[in-house]
Structure formats: C-alpha cells, structure tokens
Amino acid sequence: MTNHYIDIRNSDCILIMGSNAAENHPISFKWVLRAKDQGAKVIHVDPRFTRTSAMADFHTSLRSGTDIAFLGGMIKYILDNNKYFDDYVHNYTNASFIVDEKFTFNDGLFSGYDPGKRKYDKSTWTIKVDSTGIPIKDPTLQNPRCVFQLLKAHYSRYDLEKVSSITGTPVEDLKAVYEMFSSTGVKDKAGTILYALGWTQHTVGAQNIRTMAIIQLLLGNIGICGGGVNALRGEPNVQGSTDQAILTHILPGYLKSPSASQTTLDEYLKKFTPKSSEPQSANWWQNTPKYTVSLLKAWYGDKATKENDFCYSFIPKVDDGQDATLLAMFDKMYNKQIKGLVVIGQNPACSTPNANKVRKAFAELDWMVHVNIFDNETPSFWKGPGVDSKKIKTEVFLLPAAASMEKEGSMSNSGRWVQWKYKAANPPGDALSAGDIVYRIMAKVKEIYKKERGTFPDPILNLQWNYADKKGMWDPVAVAKAVNGYFLEDVTIGEKTYKKGECVPSFALLQADGKTSSGNWLYCGSFTQDGTNLMARRKKDDPTGLGLYPQWSWCWPVNRRIIYNRASVDADGKPYNPKRPLLAWVDGKWAGDVPDGPWPPLTDQEKGKLPFIMKPDGVSSLFGPGMAEGPFPEHYEPLESPLSKNLMSAQLNNPAIRIFTGDIDKVANADPAFPYVCTTYTSTEHWCTGGSTRWQSWLTEAQPQAYVEISRELAEICGVKNGEMVKVESPRGQVECVAMVTTRFRPFKIGGQTIHQVGMTFNYGWLFPKDCGDSANLLTPTVGDANTMTPEYKAFMVNVKKI
Amino acid sequence: MSNGKSILVDTSRCTACRGCQVACKQWNELPGTKTKQVGTYQNPQDLSSETWKLVRFAEGIKDNGKPFWYFFSDQCRHCLVPPCLDTIQGYTDGGALQDQATGAVLFTPKSKEAPFDEVRSSCPYNIPRKDEKTGVLKKCTLCLDRISNGRPPACVLSCPTGALVFGERDEILQMVDKRVEALKITYPKAKAIDADQVRVIYIVTDDPRKYHEHAAA
Numbered sequence: 001m002t003n004h005y006i007d008i009r010n011s012d013c014i015l016i017m018g019s020n021a022a023e024n025h026p027i028s029f030k031w032v033l034r035a036k037d038q039g040a041k042v043i044h045v046d047p048r049f050t051r052t053s054a055m056a057d058f059h060t061s062l063r064s065g066t067d068i069a070f071l072g073g074m075i076k077y078i079l080d081n082n083k084y085f086d087d088y089v090h091n092y093t094n095a096s097f098i099v100d101e102k103f104t105f106n107d108g109l110f111s112g113y114d115p116g117k118r119k120y121d122k123s124t125w126t127i128k129v130d131s132t133g134i135p136i137k138d139p140t141l142q143n144p145r146c147v148f149q150l151l152k153a154h155y156s157r158y159d160l161e162k163v164s165s166i167t168g169t170p171v172e173d174l175k176a177v178y179e180m181f182s183s184t185g186v187k188d189k190a191g192t193i194l195y196a197l198g199w200t201q202h203t204v205g206a207q208n209i210r211t212m213a214i215i216q217l218l219l220g221n222i223g224i225c226g227g228g229v230n231a232l233r234g235e236p237n238v239q240g241s242t243d244q245a246i247l248t249h250i251l252p253g254y255l256k257s258p259s260a261s262q263t264t265l266d267e268y269l270k271k272f273t274p275k276s277s278e279p280q281s282a283n284w285w286q287n288t289p290k291y292t293v294s295l296l297k298a299w300y301g302d303k304a305t306k307e308n309d310f311c312y313s314f315i316p317k318v319d320d321g322q323d324a325t326l327l328a329m330f331d332k333m334y335n336k337q338i339k340g341l342v343v344i345g346q347n348p349a350c351s352t353p354n355a356n357k358v359r360k361a362f363a364e365l366d367w368m369v370h371v372n373i374f375d376n377e378t379p380s381f382w383k384g385p386g387v388d389s390k391k392i393k394t395e396v397f398l399l400p401a402a403a404s405m406e407k408e409g410s411m412s413n414s415g416r417w418v419q420w421k422y423k424a425a426n427p428p429g430d431a432l433s434a435g436d437i438v439y440r441i442m443a444k445v446k447e448i449y450k451k452e453r454g455t456f457p458d459p460i461l462n463l464q465w466n467y468a469d470k471k472g473m474w475d476p477v478a479v480a481k482a483v484n485g486y487f488l489e490d491v492t493i494g495e496k497t498y499k500k501g502e503c504v505p506s507f508a509l510l511q512a513d514g515k516t517s518s519g520n521w522l523y524c525g526s527f528t529q530d531g532t533n534l535m536a537r538r539k540k541d542d543p544t545g546l547g548l549y550p551q552w553s554w555c556w557p558v559n560r561r562i563i564y565n566r567a568s569v570d571a572d573g574k575p576y577n578p579k580r581p582l583l584a585w586v587d588g589k590w591a592g593d594v595p596d597g598p599w600p601p602l603t604d605q606e607k608g609k610l611p612f613i614m615k616p617d618g619v620s621s622l623f624g625p626g627m628a629e630g631p632f633p634e635h636y637e638p639l640e641s642p643l644s645k646n647l648m649s650a651q652l653n654n655p656a657i658r659i660f661t662g663d664i665d666k667v668a669n670a671d672p673a674f675p676y677v678c679t680t681y682t683s684t685e686h687w688c689t690g691g692s693t694r695w696q697s698w699l700t701e702a703q704p705q706a707y708v709e710i711s712r713e714l715a716e717i718c719g720v721k722n723g724e725m726v727k728v729e730s731p732r733g734q735v736e737c738v739a740m741v742t743t744r745f746r747p748f749k750i751g752g753q754t755i756h757q758v759g760m761t762f763n764y765g766w767l768f769p770k771d772c773g774d775s776a777n778l779l780t781p782t783v784g785d786a787n788t789m790t791p792e793y794k795a796f797m798v799n800v801k802k803i
Numbered sequence: 001m002s003n004g005k006s007i008l009v010d011t012s013r014c015t016a017c018r019g020c021q022v023a024c025k026q027w028n029e030l031p032g033t034k035t036k037q038v039g040t041y042q043n044p045q046d047l048s049s050e051t052w053k054l055v056r057f058a059e060g061i062k063d064n065g066k067p068f069w070y071f072f073s074d075q076c077r078h079c080l081v082p083p084c085l086d087t088i089q090g091y092t093d094g095g096a097l098q099d100q101a102t103g104a105v106l107f108t109p110k111s112k113e114a115p116f117d118e119v120r121s122s123c124p125y126n127i128p129r130k131d132e133k134t135g136v137l138k139k140c141t142l143c144l145d146r147i148s149n150g151r152p153p154a155c156v157l158s159c160p161t162g163a164l165v166f167g168e169r170d171e172i173l174q175m176v177d178k179r180v181e182a183l184k185i186t187y188p189k190a191k192a193i194d195a196d197q198v199r200v201i202y203i204v205t206d207d208p209r210k211y212h213e214h215a216a217a
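Sequence lines, in order, name chains A and B. Take the first sequence: its position 612, counted from the start at 1, is 612 in the working numbering, and no numbers get skipped. Take the second sequence: its position 117, counted from the start at 1, is 117 in the working numbering, and no numbers get skipped.
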C-alpha cells in the first residue's frame with residue numbers, strides 16, 4: 001500500500017476491483033464502512049457478486065481478464081471530460097515529457113518487438129533529453145509527441161461500446177463507475193483503490209495495476225490521505241516476505257538481484273544505480289551503493305572488505321535472462337533437473353497452477369523437506385489419488401513448525417506497518433519456529449562444509465551466522481537488529497558521532513565504505529541508536545487526527561505513513577486539501593506525516609525537490625518504459641479466452657509472456673470443448689489451500705466442500721440443479737464438486753455473443769476432510785505475468801458437466 | 001433496576017464473515033458439526049443444540065435488476081416477555097429463567113421436561129432446539145457468564161465491522177433510532193425489528209422476510 005488500512009476511512013470514493021475485500025480482508029471493511037459513514041461511495045467491480053458487492057453502493061461485473069479494457073475506458077473518460085487534476089498532472093507526472101520519435105504503437109504492438117524471443121527491444125521507449133541530460137518538456141501538453149498526447153491517443157480506442165463489448169459490462173454501468181470515481185480528480189476529494197490477487201494473477205497482472213496507477217495520477221490521488229494504490233496483501237506478513245526478498249528478482253529492500261554478467265560489485269552498482277540530471281530530483285536510488293554494501297556487511301561481517309568487493313562474488317547470481325520463478329522451478333523439477341526441495345508453510349500440490357504437473361514433479365525429486373504446522377497434500381503427495389506409492393523414490397521429511405502465536409517476531413502488514421508480537425504459548429512437542437529450523441539447518445550446513453569442504457565453500461563458511469541466544473535458540477531480536485543495521489566503526493556524520501556497535505537509526509546514515517551494516521535498508525530505523533525496538537510501540541496518539549498513529553508500531557520507510565506525501569501539497573508546500581492536510585510547510589518546517597525527504601517545497605529552486613523521490617526524474621510515470629509489454633497498458637486476452645480474436649487489436653495475448661510448451665502444459669483457446677470462463681478465489685472461512693483451516697472443524701462446518709458457482713442460465717444449459725455434483729474440466733485436469741447455482745453470476749454479452757463464467761475456491765485438497773474434494777488448481781494453466789511470472793489463476797477456460 | 005442489556009445487529013454493516021458464528025462455538029465449547037455443501041454459503045443449514053448462532057444467507061434479484069445478498073446473523077432475541085419461558089415454566093418450574101440484572105433468557109437442564117415442539121412453536125423466531133441425546137433445550141445464553149463479568153458476548157467481541165454492538169439497553173435503543181434514521185436516507189425501508197419487544201435488535205434495510213422467514217415476529 002502507498003497508504004495504510006486506517007487511512008481507507010479518509011476516502012471519498014473507494015473502488016474495490018481485483019479484490020473481494022469484505023471476504024478476504026475482513027478488517028479492511030471496518031475502515032471501508034467508516035468511510036461510508038462519512039458519505040464515501042463504495043464501488044465494487046468483479047465478475048461475481050460477492051459479500052463485498054453486498055456492502056457496496058454500486059456493483060457491476062466484468063469478464064475475468066478484461067480489467068485493462070475497463071480501466072482504459074476510464075482513462076479515456078477522464079481525458080475526454082477534463083476530469084484530471086491539472087496542477088498535479090503538469091507538475092508531478094511525466095505528462096509533459098517528449099517521447100523518442102521512433103516510439104510507435106501499431107495494432108497491439110509497440111516498437112521493438114521480437115516475435116522469436118517474445119521480447120521487446122526497449123531502445124525507442126525513451127524520453128528525449130537535452131544536451132545536459134534533462135528531459136525535454138512541453139508544459140502546454142500540446143506537443144503531439146508529449147506523454148499526455150500519446151496517452152490520449154493510445155486510449156482513444158477505448159470507447160464505451162468497445163470496452164463494453166470486451167468486458168461485458170453494460171455501457172450505463174461503465175459510465176456510472178467512471179463518473180463516480182473521476183469525481184475525485186479535484187483538490188479536496190480523494191479516491192482510493194483496494195486491489196488484491198484479482199489483479200496480480202493475470203498474464204497482464206502488473207499492467208492491471210499500472211493502468212490504475214495512471215488513473216490515480218491523473219486524478220491526483222497518490223500521496224494524499226484517502227487515496228493511493230493499495231494492495232491488500234494476503235498473509236499477515238506477506239508484505240514482510242517481499243520486503244525481505246522472498247522473490248527471485250530482488251535482494252532485501254528491493255535491491256536488484258545480480259546476474260552472472262555483473263561479475264564485480266562495480267558492474268552491479270553501475271547497472272542498477274540510476275542517474276539523473278534533473279536538478280530538482282532527489283533520485284533516491286542513487287544511494288544504491290550504500291544500501292548494497294551495508295547489506296553485504298550484514299551478511300559477511302568482517303570478511304567483507306573493500307579489497308574483496310565486500311564479498312559480492314559470494315552472492316548467487318542468476319544467469320542472464322534466466323527465469324528462476326516458481327513456474328520455471330516446477331517446470332525444471334518436472335523435467336528432472338531439480339533434486340531437492342524445501343517447502344516452508346506452503347502447499348504447492350494445491351496452490352500452484354496445473355497441480356497435476358506439480359504433483360508429478362515431486363516424484364522426480366530425491367528428497368523434500370516440508371516445514372509446517374499440519375500435514376498437507378504436498379508432503380503426502382506420494383499417497384495421493386492415482387499415485388502408486390511403491391514407485392515413488394522421493395524421501396520426504398516433515399518438520400513440525402510453531403504456529404504464529406507460538407513465536408516472537410515482527411509482522412509487516414499491507415500498510416508497511418511493522419508490528420512486533422510476542423509468543424503467547426510454547427509450540428507443542430518438537431515443533432520449532434521456522435526461524436529456528438532455518439537457523440539450525442544452515443548452522444549444520446556450515447559445520448559439514450567446514451569438515452568436508454566443497455567446490456566453493458567460501459560463501460557458506462564466511463557467512464555471518466550469529467543469531468542464537470544464550471540457550472542456543474534462534475533469537476528474533478538479534479535478527480531484527482541485524483536487519484536494521486549497526487555502525488561497525490565509530491562514524492561521524494555532520495556534527496554527530498555514532499559509536500561502533502550502536503544501531504543505525506536511519507537509512508540516511510548508511511555508508512558505502514563498509515562502516516555500516518544493514519540487512520534491509522528499508523527497515524533501518526526500526527531500532528533507535530540505543531537499540532530500542534520501535535516496532536514494539538503501542539502508543540495511540542494521533543496528533544494529526546488523520547489516523548496516522550505515528551507511535552503505534554513502526555512503518556517503513558522512516559515511519560512515513562503515506563508515501564509520496566510531498567504530492568499532497570502544491571509547489572509552495574500548501575496542502576491541496578485543507579480538510580485533510582497530510583503535510584504542510586509551516587515556518588520553514590514540515591508539519592504532519594514524516595515528509596518524503598526534508599527538503600523545502602518545490603518553489604525553492606535551489607533546495608526544493610520533486611515529490612516522486614524514487615523516480616529518477618522526480619515525477620511519476622504516466623509513460624512507464626520499465627514494463628515488459630509496453631509503456632502504456634494495453635488490453636490482451638488471457639492465455640485461455642473464449643475469443644479467437646482480441647476485439648482491440650490483432651494481438652490476441654500479451655506478446656511478452658513466456659509460453660510453456662511441455663507435454664503437460666496444454667492450452668485451449670476459444671475451444672468449444674471448454675466453453676466457459678473460469679476464475680478461482682478463496683473464501684473467508686478458509687486460508688488459501690485450506691492447509692491450516694481444513695483441520696479446524698468450525699471452519700469446515702461453515703465451508704465443508706469444494707463448489708463451483710454458476711449462473712441460473714448456465715445451470716439450465718448444463719441441466720444442473722443447485723447442490724448437485726458436477727465435473728469441472730480443463731485441458732489439464734478435472735475436479736468434482738458441488739454446483740452452487742446463484743443469481744450472483746450472470747452471463748456476459750461479449751462481442752455480440754453470450755459468454756458464461758463460473759468460479760471456484762482453491763480451498764480444498766484430497767487429504768482432509770476425505771469428502772471435501774480436490775484442488776481447483778488441477779485446472780489452472782502454467783503461465784505467468786510477463787513482468788513477475790505471477791500465475792494466471794484468475795482467467796482460464798473450462799467445461800461443466802453434470803455427474 | 002436498569003433496563004438490562006441489549007445487542008444491536010446492524011445487518012447493513014454485516015459482511016457475513018461468520019466470526020460471530022465461530023466465536024459462539026469457541027466460547028460455548030460447541031463442536032463443529034459434519035455438514036455438506038448443498039448449494040449455499042449458509043452452513044450449518046439451521047440452528048441446532050450445537051449451533052446457537054447462525055449467519056443466514058439470502059440472495060435474489062432486486063427491482064432494479066441488480067443482485068442482492070442479505071446476511072442475517074440469527075440468534076435468540078432474549079424477548080422482554082419471553083413466551084418460551086412461560087411455556088417451559090408451565091410444565092417444569094426452573095426449566096427456564098430470566099436473569100434479572102441483564103434480561104438474559106436461559107434454559108436449564110430441567111427444560112428437558114417441557115414438550116419441545118410446544119416450546120419451539122411458542123417462539124416467534126423459531127429459536128429453541130433440543131439436544132437429542134439429553135432432551136435438554138438449547139439456545140444462545142447472551143453469554144451471561146461473560147456479560148456478568150464485564151465482558152461483551154463472544155459474538156460481539158469477534159465482529160470486525162461493528163455490525164454487532166453490546167451495551168445497556170437504553171443506550172442501544174438510542175443507537176438503533178439514530179442508525180435507522182441515517183439509513184432511511186439511502187434505504188427507505190430501513191427499520192429495526194420488534195425493538196420494543198426484544199433485547200437482540202436487528203436493523204434491516206429491506207423487508208425482513210427477504211432476509212429470513214423468521215426474522216420478524
């Protein structure tokens with residue numbers, strides 16, 4: 001989230017799209033309803049009418065996988081009707097920047113496409129700069145090559161009728177949503193978006209969010225109270241897991257993963273440290289060397305020296321262009337290229353798409369270590385349906401783990417608030433926290449390497465691994481302090497001297513010379529200099545009255561509760577919205593939230609800085625050349641769609657996605673054998689694959705068995721009555737489940753034809769309870785987003801047959 | 001004496017998360033029963049001696065062609081003058097009682113001596129259920145054990161949105177009036193159900209029968 005949960009209450013218009021917030025983030029609705037009490041409008045856009053829709057002022061449906069068409073229509077509406085926030089668009093976005101004249105867009109493809117590689121050469125997706133490297137701008141926004149005009153031209157094709165024919169949303173509903181939401185494009189109104197996996201889990205997932213980001217920038221809704229682009233994250237600590245880099249493309253704190261071709265630290269830093277000639281740009285990522293060196297110091301301690309590149313060569317590198325994500329991993333495993341697997345708190349046998357492929361892949365392993373509080377379909381795959389356990393060679397180790405209330409540590413919520421929690425009870429039996437388990441395994445690995453050596457033992461032997469308390473147990477406070485970082489020598493910065501061994505109280509103090517350590521620069525400042533844990537704070541003061549609660553827990557970065565908050569004020573530092581002044585420049589100081597940097601407002605030509613400090617040019621990107629499939633989001637059909645032709649262009653699918661072509665990666669597009677759109681989701685009552693909740697009798701009582709929700713109209717076609725058993729089939733598998741015939745799904749009119757959609761939860765698996773049914777992910781395809789490889793769980797094709 | 005306690009059930013704030021249904025079972029140590037998916041989110045299908053709080057789901061199409069999905073977190077209303085109490089007491093003295101301080105209506109083990117069908121049909125809201133093993137009648141206790149010790153009922157404590165509110169009856173009645181008035185601007189049919197007769201007062205925004213057959217007396 002750019003904002004945070006409590007801030008939802010400050011909104012005037014809440015768009016919930018790609019999310020079923022009421023069911024999957026019940027606490028968020030506490031704040032949605034507070035906003036509603038103040039007169040806010042709540043809009044829910046979703047293929048299905050859910051418990052969220054029931055609470056909304058307005059619900060309309062769209063076919064799964066058509067969000068860019070829906071939102072592209074909103075961009076056109078905003079531009080055509082002058083609903084954008086002029087001052088903000090001019091000053092805080094790259095609307096006025098001039099784009100390279102060789103940049104083109106033609107019938108679904110941007111310039112530079114290589115169909116063989118399914119990749120773009122992005123050399124024309126650039127902003128023109130003058131001789132000093134500063135972007136060339138047209139403040140009148142009239143130049144046909146400026147971003148604003150190109151944006152306008154791009155979305156001119158997204159008229160109401162075209163959008164309606166793609167999404168299936170009635171034209172009058174589109175107009176109603178566009179009108180309601182774009183009414184926030186004024187100084188004293190705020191609109192927010194709550195989204196979740198309903199946007200990310202598409203082959204165009206990242207671009208779904210980009211499209212909304214463009215809308216929020218046009219309306220001036222980013223950096224303000226009640227606004228923002230807000231991802232509701234699933235697990236209580238899923239934000240923490242990405243912050244700490246549980247993904248292949250990043251190191252902790254969103255530093256980039258190094259590739260094999262960056263053989264030295266210098267090459268790595270040169271590649272990933274952005275430069276800017278814009279005089280008023282803070283270009284915060286210019287600090288990349290400080291954060292990278294401090295990270296290496298946290299990992300390798302005294303062994304990391306300037307002479308040995310701070311042990312940069314010890315970090316594993318991906319091959320250039322290598323896909324090291326989840327789908328690629330299972331593909332390799334299926335093709336016998338991976339021998340061992342460690343699974344912690346997951347159930348990929350039910351949670352990963354094309355689960356039949358995954359379950360077969362497990363059989364190619366020599367060993368699997370599974371860390372969990374309960375058994376699930378993953379470690380028990382060898383006794384699953386249709387498996388002859390005598391033929392399975394995989395050795396499985398099940399390690400009992402402590403549940404969340406049985407361990408101490410930090411939890412980072414969607415709003416970046418890092419809250420410290422304490423252990424409520426000891427774990428049962430031999431169970432240990434996941435931290436303890438990982439700690440012990442690595443300690444043992446080090447011991448073995450020390451004894452037996454190996455091909456390249458240095459990275460393991462030199463790794464700093466000193467996180468145990470006096471009893472030899474893994475110490476979460478020691479880890480959190482290492483993540484925050486220490487002064488490794490006495491350091492004088494400005495007037496102040498910091499002593500060796502003290503915590504670094506802000507990332508602004510981190511050094512590139514090896515004198516500081518920090519396991520994650522974004523978390524630097526979670527401890528004070530004297531080692532007080534700010535994440536454990538529980539003070540309920542709210543000096544601004546805006547719900548920022550600055551002394552409740554701690555939030556990254558530097559306890560800033562709403563990021564890009566300098567965009568909430570004009571060039572003089574005056575709040576755009578005097579009713580909700582998040583920041584104000586008063587008597588030469590900032591008052592309110594922690595500002596995005598200490599500099600004075602923009603009118604100070606010498607010291608003032610632009611608000612989007614993480615962007616090299618200091619402004620936000622309406623034109624976003626960092627994306628894999630284009631600087632402007634474009635509608636493409638999901639990999640499996642009911643249509644053989646994209647109604648928007650000649651390009652059916654996202655041209656930059658990876659296509660898996662193995663024998664088990666079957667796809668059926670516009671295939672009469674699989675005529676219905678299907679989407680998957682979760683319910684309030686179960687957690688993900690149900691691996692932890694299906695063992696809870698009060699929850700299985702409430703949601704006992706797998707079901708498919710289908711419209712009355714489709715039920716009639718299939719000859720199915722409510723509550724009868726059906727078989728849902730895709731080219732990859734089939735699932736038997738109960739038909740829930742409902743008025744909450746309705747047929748769509750798409751390109752003149754009637755298209756039916758159904759939906760299933762992925763909460764079930766064969767292990768327990770025995771009659772609950774198997775995973776919906778037996779049906780989903782092996783395909784991911786072009787930027788992130790997040791699987792397309794949300795849109796694929798099935799058939800439904802009565803059993 | 002004060003006017004006792006009340007619970008407000010504001011269905012316009014209920015997201016049907018069923019935290020209340022589960023919290024009731026947790027506090028009262030009631031088991032999760034074996035259920036089947038029969039084509040609805042509602043489960044168990046009905047109240048029972050082991051389910052005293054049940055979120056009911058009702059769906060359909062509104063006049064404007066849009067779907068509706070109404071949630072009704074059903075439980076004993078703890079009537080000010082409870083007909084079930086009269087019926088049980090008529091057969092067995094001490095089979096039911098009304099707590100003087102709070103107004104909570106309770107069934108005791110002696111309730112097994114009262115004819116169940118008659119007790120059930122005496123209830124305008126179809127709440128009492130019989131434990132088939134012991135014959136004892138069962139239902140919500142208003143968490144008398146909790147509220148007598150200054151704690152809110154388990155269901156109220158679990159509610160994330162403020163759809164359930166517990167407090168002094170007089171204060172709850174004021175809240176009810178205020179909330180109904182506010183809701184009427186958007187929902188002309190908004191009303192409180194039988195507020196002058198029951199302690200558990202439901203606010204609905206549409207015809208109560210669209211929520212549940214026995215929503216109103």
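The hints are simulated quantities; they were obtained by calculation from the structure and are not laboratory data. Each hint should be verified, as a subset may be incorrect.
What the simulated footprint calls covered on chain B by chain A, stretch by stretch (three residues with Cβ under 8 Å from a Cβ of chain A suffice, anywhere in the stretch; the number is not a length) [unchecked claim]:
id, stretch
1, 82-91
2, 108-118
3, 196-203
Partner residues aside, some chain A positions facing chain B, computed with beta carbon under 7 Å [claimed, not checked]:
id, residue
4, L33
5, M55
6, F456
7, P457
8, I460
9, W695
10, S697
11, W698
12, E701
13, A702
14, Q705
15, T743
16, P747
17, K749
18, G751
19, Q753
Virtual Cβ for every residue (Gly too), placed ideally from N, Cα, C.
Here is what the structure says about each hint:
no.	hint	verdict
1	82-91	violated (count 0)
2	108-118	violated (count 0)
3	196-203	violated (count 0)
4	L33	5 Å, holds
5	M55	6 Å, holds
6	F456	51 Å, violated
7	P457	52 Å, violated
8	I460	46 Å, violated
9	W695	11 Å, violated
10	S697	3 Å, holds
11	W698	4 Å, holds
12	E701	4 Å, holds
13	A702	5 Å, holds
14	Q705	4 Å, holds
15	T743	5 Å, holds
16	P747	13 Å, violated
17	K749	14 Å, violated
18	G751	22 Å, violated
19	Q753	21 Å, violated
The structure fails to meet hints 1, 2, 3, 6, 7, 8, 9, 16, 17, 18, 19 from the earlier list, while all remaining hints are met.
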